[in-house]
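Visitor: Sequence:
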Amino acid sequence: MSIFKNVKSIFPGFLITFLVAISAKFLSNNYGGPTILFALLLGMSLHFLYTETICEKGIDFASKYLLQLGIILLGFGVTWQQIVKIGFKPLSIVLCAIIFTILLGPILAKFLNRGWRIGVLTSSAVAICGASAALAISSILPKNKFSEQNTLFTIVSVTTLSTLTMIVYPLLVRYLNMDDFSAGVFLGASIHDVAQVVGAGYGISKTAGDTATLIKMVRVASLFPIVLILLCFLQNKPKSGALTNVPIPFFIVGFLMTIFLNSTGNFPESLKIIFLDISAWCIALAISAIGMKTALSSLKHVGYQAILLIVFESIFLMTFVLVCVLNLI
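So that you can map any letter, position 116 of the sequence shown is 1282 in the working numbering, and since no number is skipped, the others follow by simple counting.
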């Protein structure tokens, strides 16, 4: 009886979230543009459905648990064999770019008079895999009154920048006459979201697209160790706004397990495709819910410094990767 009661309380909010996500998918398929961005904007326009309504519990459920399921299933897009196949130099460039970009975030945030949380959040989103990384990292960071609006801002910004880079970076590749492999490494290591990496890479050639996708999957796989490192940092951080005894989130363990399953070579390809589709839908549902949980008026408190922060991080990542690719590959 209690299970039925819980399902009944969640259903209205879940239904609204599903309608927003499917509308975003329709707009993306028919008019172009990222599903995630449409889901977020549509969700934000329906914020009135969240505050003190029957939809609240279902929206909360989607923003938390469907997000975690989506991240777990992302692991079916990565294998350890793919990571090894890339080669030492490209792999080194990607890993150094991730580390340096994430380290830059809190430093830039301090310089711009912003808290370390938004520095870690934005730099992780830029360095790893865009909106998915922002959602995963935000779930383990200590919470304050700005946490949700910072997460929302990061998702909006990183998705918008990712779309812009999908257009601009291939033009830069052609201008510099980069070969297909180098182009793939550059695009895969510097564009924020997976979909935009795929679009930019295959827009140049199949070789560039294959390489860009593999490089991007390395960045996605880095989500697990980055979260573990952050958790260790939070464990040792003084109580000034941080959590103590932070548990390892089960969804990160699940993410690692799905990578392992996918790497065995025995996992059916048809099931993998289904799980990756479910992952994309779960993330779209979660972002729709996060949009509905946040009032547009809250974004005005973010400030121009946060915009500069994520732009500078993106420029740094692009410049670092480009210099390394041109000189080392």
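Note that these hints are calculated values from the structure, not bench results. Just so we're clear, the structure is a prediction, and the values are computed from it rather than from any experiment. There's no promise every hint is true.
Cross-link-like lysine-lysine pairs, in silico, BS3-like; alpha carbons within 27 Å at most [stated by the list, open to error]:
#	residue 1	residue 2
1	K1438	K1230
2	K1309	K1223
3	K1276	K1309
Visitor: For each hint, tell me whether it holds in the structure or not.
Guide: Now the hints, each set against the structure:
For the proposed pair K1438 and K1230, the alpha carbon gap of about 23 Å is at most 27 Å, so the pair holds. Of the pairs offered as hints, the one joining K1309 and K1223 holds, with about 20 Å between alpha carbons and a cut-off of 27 Å not exceeded. For the proposed pair K1276 and K1309, the alpha carbon gap of about 18 Å is at most 27 Å, so the pair holds.
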